[in-house]
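What follows is the residue order along each chain.
2 protein chains.
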Amino acid sequence: MPELPEVETIRKYLNKTILRKRIVNIKVFSKKQFPNNSEEIVGAKILSVKRRAKNLIIELSNEKTLLIHLKLSGQLLWRPKTLNKTTRIVIVFDKGELVFNDLRKFGWIKILNLDQLDLELKKFGPEPFSKDFSIKYLQKVFKKSIRPVKTILLDQEKIAGIGNIYANEALSEAEISPQKPVKALTIEEIKKLRKAILLVLRQGIKYNGASAADKLYLKPDSSNGSYQQHFRIYQKNGEKCKKCNTIIERINLGGRGTFFCPKCQNMSRFRYI
Amino acid sequence: MPELPEVETIRKYLNKTILRKRIVNIKVFSKKQFPNNSEEIVGAKILSVKRRAKNLIIELSNEKTLLIHLKLSGQLLWRPKTLNKTTRIVIVFDKGELVFNDLRKFGWIKILNLDQLDLELKKFGPEPFSKDFSIKYLQKVFKKSIRPVKTILLDQEKIAGIGNIYANEALSEAEISPQKPVKALTIEEIKKLRKAILLVLRQGIKYNGASAADKLYLKPDSSNGSYQQHFRIYQKNGEKCKKCNTIIERINLGGRGTFFCPKCQNMSRFRYI
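As given, the protein sequences belong to chains A and B, one line each in that order.
So the first sequence is numbered by the numbering used here: it starts at 1 and just counts up by one.
So the second sequence is numbered by the numbering used here: it starts at 1 and just counts up by one.
One or more of the hints may lead you astray.
Which copy? The list can't say, so a pair holds if one copy fits it or any two copies do.
Here are the simulated lysine-lysine pairs, BS3-like style, with alpha carbons at most 25 Å apart [stated by the list, open to error]:
(1) Lys45 <-> Lys140
(2) Lys12 <-> Lys140
(3) Lys236 <-> Lys32
(4) Lys242 <-> Lys85
(5) Lys215 <-> Lys191
(6) Lys158 <-> Lys180
(7) Lys95 <-> Lys16
(8) Lys27 <-> Lys183
(9) Lys143 <-> Lys122
(10) Lys105 <-> Lys140
(11) Lys243 <-> Lys192
(12) Lys236 <-> Lys144
(13) Lys180 <-> Lys191
(14) Lys140 <-> Lys123
(15) Lys144 <-> Lys21
(16) Lys32 <-> Lys158
(17) Lys143 <-> Lys32
(18) Lys110 <-> Lys12
(19) Lys180 <-> Lys144
(20) Lys105 <-> Lys144
(21) Lys140 <-> Lys71
(22) Lys71 <-> Lys144
(23) Lys263 <-> Lys21
No lab work stands behind these hints: they were computed from the structure.
These numbers were taken from a predicted model, which means no experiment stands behind them.
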């Protein structure tokens, strides 16, 4: 699923492209993915495009907002050459169209007023690039839990915006085992991890996000991101670790593919006594 | 927070009390907890009161629904003698009033159409009393994760409706350590756990929910539930286990108070190698 860097890439593109344009029509082919009445926003102009966690927030001139979550396979394409059978929603502007494709149909677009938006967004943990994402905050969260660090990184209520790609990448960068219970992380590891998270997210943004093996993430101009060319560990099982030449392994952790170097990342193992 | 048995108790009460009554006014003292325009439902009649996970769903005669989550400290009281400083919303009927009190202000009431409701509810895992909550389902979920069993029981995307009280109670009944990683549960333990979950939830419903030490849960008639008189383990640290006389312990697991008998529940310990 598109994570912080992918959604941020889309946000920046749209914030240039659709700004001040007027919505003239909305074509909804999948009602469950656009559950509101589109009449509420026809005629409104776009004021800004923001992001919170993995959500896009489009502010409109009529005090409504569009909250968009791409979930597993959503794409937002500006003026694609063609629609296809995964096209679920088309937002028609006075000039140009924004097309929402979604193979798996888990994504959605909601129309919300500002109070509703507050309610939807309040469940998310701090943004990694905000001052709330501090060592002190991480220490507080981590000391309460024996969940594996990788699982906590994916928990949007704890930290906003990180998904499977950047969790794997950050743990590789910080040389921490994905399975290590957060309670067992040392203060030095927490510092390294925070720094690594910020580094890999910045790299992700710099390279316009990652179009990984499934090729589901596209930029709004229908082209691929390029962070996949810079993956440290993600989907690299069987290849050699660039630091120590050990073969990278893949395990399943909480249902998600988890990649690590068994040497650099010092795999912790559990024993049940 | 009110869990399945508490919400189910409220649901049953309301489904008798407010059925076919007409909403004539809504007083909103906390806008963020009632983010929609109350005009949308004034004049509508109540068709039914349902439950999904810890949510109440009130079906209205105008194809709208009210989705209500009580969160940490929400109460729904029918015709209480007085309002107090925690009163956030009052739904006035042609006969009688439903008062939403909430000390912590995390609860909310949303007005949704049916498509919006579908979108909100689709994230929840199976209801414990449905056929989807099978041994096979639990095996599938558990084999993917090394998270502690207690943490998984609280995860609404995995199983709907269980909170801290009933997770503690079920693990005590099943004699399973709350810290045991779900991957390590045997098929016999999974069977025992499923049975124990259904048993403690049934008992919770039978005794009209639990008004535990914080006294935040009330039935809509402002009286207490009585399941707290039948707690096996919850908040019983320092007391003796009824089965083996060992002193019940309390630990913190994922930030939640966790109670267990160190003998019956055979506390697993982790070692990081």
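Results for each hint:
In this assembly of identical chains, Lys45 and Lys140 lie within 25 Å of each other by CA distance neither inside one copy nor across copies; the values are 42 Å within and 47 Å between. Taking CA atoms no more than 25 Å apart as the test, Lys12 paired with Lys140 passes in neither setting, with 33 Å inside one copy and 40 Å between copies. Taking the shortest Cα distances, Lys236 and Lys32 never come within 25 Å of each other, neither inside one copy (36 Å) nor across copies (46 Å). For the identical chains of this complex, Lys242 and Lys85 are neighbours neither inside a copy (41 Å) nor across copies (61 Å), given an alpha-carbon limit of 25 Å.
Taking CA atoms no more than 25 Å apart as the test, Lys215 paired with Lys191 passes in neither setting, with 33 Å inside one copy and 40 Å between copies. Taking the shortest alpha-carbon separations for Lys158 and Lys180, both the intra-copy value of 17 Å and the inter-copy value of 22 Å come in at or below 25 Å. Taking CA atoms no more than 25 Å apart as the test, Lys95 paired with Lys16 passes inside one copy only; the shortest distance there is 14 Å, against 54 Å between copies. Within a single copy, Lys27 and Lys183 get their C-alpha atoms no closer than 49 Å, and across copies no closer than 45 Å, so neither meets the 25 Å cut-off.
In this homomeric assembly, Lys143 and Lys122 come within 25 Å of each other (Cα to Cα) only inside a single copy, at 23 Å, whereas the closest approach across copies is 32 Å. Proximity of Lys105 to Lys140 under the C-alpha cut-off of 25 Å is restricted to the inter-copy arrangement: shortest distance 23 Å between copies versus 37 Å within a copy. When the C-alpha separation of Lys243 and Lys192 is checked against a cutoff of 25 Å, the pair qualifies only within one copy, where the shortest distance is 17 Å, while the shortest distance between copies is 47 Å. With identical chains, the CA atoms of Lys236 and Lys144 are at most 25 Å apart between copies only, with a shortest distance of 21 Å across copies and 32 Å within one.
Proximity of Lys180 to Lys191 under the C-alpha cut-off of 25 Å is restricted to the intra-copy arrangement: shortest distance 15 Å within a copy versus 29 Å between copies. Taking the shortest alpha-carbon separations for Lys140 and Lys123, only the intra-copy value of 17 Å comes in at or below 25 Å, while the best inter-copy value is 28 Å. In this assembly of identical chains, Lys144 and Lys21 lie within 25 Å of each other by CA distance neither inside one copy nor across copies; the values are 47 Å within and 46 Å between. Taking the shortest Cα distances, Lys32 and Lys158 sit within 25 Å of each other only across copies (22 Å), while inside one copy they are farther apart (28 Å).
For the homomeric pair Lys143 and Lys32, neither the shortest alpha-carbon distance inside one copy (40 Å) nor that between copies (31 Å) is at most 25 Å. Within a single copy, Lys110 and Lys12 get their C-alpha atoms as close as 20 Å, which meets the 25 Å cut-off; across copies the closest is 31 Å, which misses it. Taking the shortest Cα distances, Lys180 and Lys144 sit within 25 Å of each other both inside one copy (14 Å) and across copies (16 Å). Proximity of Lys105 to Lys144 under the C-alpha cut-off of 25 Å is restricted to the inter-copy arrangement: shortest distance 24 Å between copies versus 35 Å within a copy.
When the C-alpha separation of Lys140 and Lys71 is checked against a cutoff of 25 Å, the pair qualifies only between copies, where the shortest distance is 22 Å, while the shortest distance within a copy is 29 Å. In this assembly of identical chains, the alpha carbons of Lys71 and Lys144 lie at most 25 Å apart only when taken from different copies (21 Å versus 28 Å within one copy). In the homo-oligomer, the alpha carbons of Lys263 and Lys21 never lie at most 25 Å apart, since the shortest distance is 53 Å inside one protomer and 67 Å across protomers.
Of the numbered hints listed earlier, those contradicted by the structure are 1, 2, 3, 4, 5, 8, 15, 17 and 23.
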